[in-house]
Amino acid sequence: MRIAKRVGTYALLVVVAAAFIGPFLLLLSTALKPGSQSVFSFPPDLIPRPPVVDWFIEAWTTIPYGKFVLNSLFYVGVMVPLYLVVSAMTAYPLARIAFRGRQVFFLLFLSTMFLPGELMLIPRFLVMRELGLIDTYAAVILPGILSALGIFMLRQTFATIPEAIIEAARVDGASEWRIFLSIALPLARPTLAVLTILGFISVWNSFLWPLVALTDQSKFPLALGIAYLSGVSGADVRGLAAGTVLSLIPVVAVFLFLQRHILSSMAGAIKG
Amino acid sequence: MARGGAVREGPRRVVGQRALTPYLFMLPGLALFAAMFAWPAFISLQMSVSSYRIVTPVTFVGLRNFLQLANDPQFHHAVTNTFIFMGLFLPWAVVLPLLLALLVNRRLPGIHAFRVAYYLPVVTSMVAVAVAWRYLLSREGVLNWLLSLVGLGPIDFLLDTGWALPALATVEGWKSMGLFMIIYLAGLQGVPKEQLEAATMDGANAVRRLWHVTLPALLPYISVTLTLGMLEATRSFESIYVLTRGGPEDSTLTLGYYIWSTAFERYEIGYASAAGLVLWALMILLAMLNQRLTRQQGV
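Top to bottom, those sequences are chains A and B. If you're matching positions, the first sequence starts at 1 in the numbering used here and goes up one per residue. If you're matching positions, the second sequence starts at 1001 in the numbering used here and goes up one per residue.
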């Protein structure tokens, strides 16, 4: 009876898992199918016979795929470090320095959570136009650096550093910058790691704002490039699938490699 | 050295420098806040009472945009669609993830791998997810094949005015279920074990334990998923952009897509800004309403 129950549980777990992984496997199978094999057949013919990599090559060559990848890497490489630096610098005084209006400033930064990017599309577009930055890399980068989540999580982390350590450093004459750089930041390393991963995922997947901020294809990040590929008339469905699979590899790899940290940090962030 | 210098210049100056330090730390953050949040928010208000189409100068029109919205059938349609979409999406955010969390909240070998699998769509891009689901939802797709096995279909999910919106809600719900599952998993850690055991001793079955012990303990988390789910639903855009472009016949035209297309396809910036403010007000209202509801239940 107990064993039967356990088998039943696993069967259910596997069926549900298939529902979550299935669409990605379907995408992969489409990307690997030879041109002679129908993509849409009834009943579906899911095993590529034989599997071919032609469509991956096609996806890479018909659109400036490599350029999109480089762009995405560039956006990640610039935005994530800036995001960490700005979040940490903003969070440190909010957590550790007593000053007038601390609570007000904290609420100010927290309020950015209630101004989601979707609603800021039009006004940010106008601000960028005013600044002459439309269709530049800077237009994509600037709005993504300040985030309430980063400030909030780092403030929590800095607040847990024992007062005695910081007080001892102050008595020894260390400036706040010194304390920030040599005590607070090293102790916040786990939080910084989590924010790096979350930042990477969100920048790699970014789509809507670049769609508005850019017209020049050569600056497109990968997700926007994929949407563009899906709009190119005559693009083969297999090529589109292959391009999409390629775009998934980095995030899925990072996620699988670090899933324990990601899942536990998500749970931790929710609990506050 | 530094301290010696400070003493010579008098304590006042030291205080002055110290007092400036927190603001210097926050300088980059404050600059970005001003440029990327405060300024745009101000412009948003200004545009909503202006007529502006990029090629024409900005002219003040008072509340004309809002009056026009009130009489714009397409806008009404977008608002209605947004609420329908929310209704279709919320079960995927509030109910199904709870069942998922209950399923994986047990000590079994390999259970972590299943949590990872259920969370996977959360980290992938909506564009990639939409492309994958396009194959599933097509007339000759796997879903229609499954339907045919039970003698139903075929249904053109994305081309049928009655099916397109539920199909999109399914795609969005499927993608974000894992995130809501994690929220519930965090909440399940806090369900008092003693109470569950006591209930079991009293002969309560699994359903009664869920209803009388687990659910009450999870109420704050249900409030979180409800709020996040509503916000997520009002923001839906990318799946619509890739899969239906608001069609067929505006059946998947939601507020988010309406605003985007009004601003960046029809270039009616002022008018779209007014619609954006309506969406904003709607989101704040929903968040407040939700707080009220959960307060009343004693959370």
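No lab work stands behind these hints: they were computed from the structure. Because the structure is a prediction, the values reported are computed rather than measured. Each residue gets a CB set at the ideal place from its N, CA and C atoms; glycine is no exception. It is possible that part of the hints are untrue.
[What the hints assert, rightly or not] Some chain A residues judged to face chain B by a derived CB distance under 10 Å, without partners named:
id	residue
1	78
2	81
3	137
4	205
5	211
[To be verified] Stretch by stretch, here's where chain A covers chain B in the computed footprint (C-beta under 8 Å, at least three residues):
id	stretch
6	1059–1071
7	1089–1095
8	1232–1242
9	1274–1283
Against the structure, the hints come out as follows:
The closest approach between the C-beta of residue 78/A and any C-beta of chain B is roughly 14 Å, which is over the 10 Å cut-off, so the hint fails. Among the interface hints, the one on residue 81/A is violated; its C-beta lies about 13 Å from the nearest C-beta in chain B, farther than the 10 Å criterion. For the restraint placing residue 137/A at the interface with chain B, the shortest Cβ-Cβ distance is roughly 16 Å, beyond the 10 Å limit, so the hint is violated. Evaluation of the residue 205/A hint against chain B yields a held restraint, the C-beta minimum of about 4 Å falling below 10 Å.
The restraint placing residue 211/A at the interface with chain B holds, with a minimum CB-CB distance near 8 Å, inside the 10 Å limit. With 0 residues having a Cβ less than 8 Å from any Cβ of chain A, the stretch 1059–1071 of chain B misses the three-residue criterion, and the hint is violated. For the stretch 1089–1095 of chain B, the stated coverage by chain A is violated: 0 residues have a C-beta nearer than 8 Å to a C-beta of that chain, whereas at least 3 were required. A stretch counts as covered by a chain when three or more of its residues have a beta carbon under 8 Å from one of that chain; for the stretch 1232–1242 of chain B and chain A the count is 5, and the coverage holds.
Three residues within the 8 Å Cβ limit are the bar, and the stretch 1274–1283 of chain B against chain A gives 4, so the coverage statement holds.
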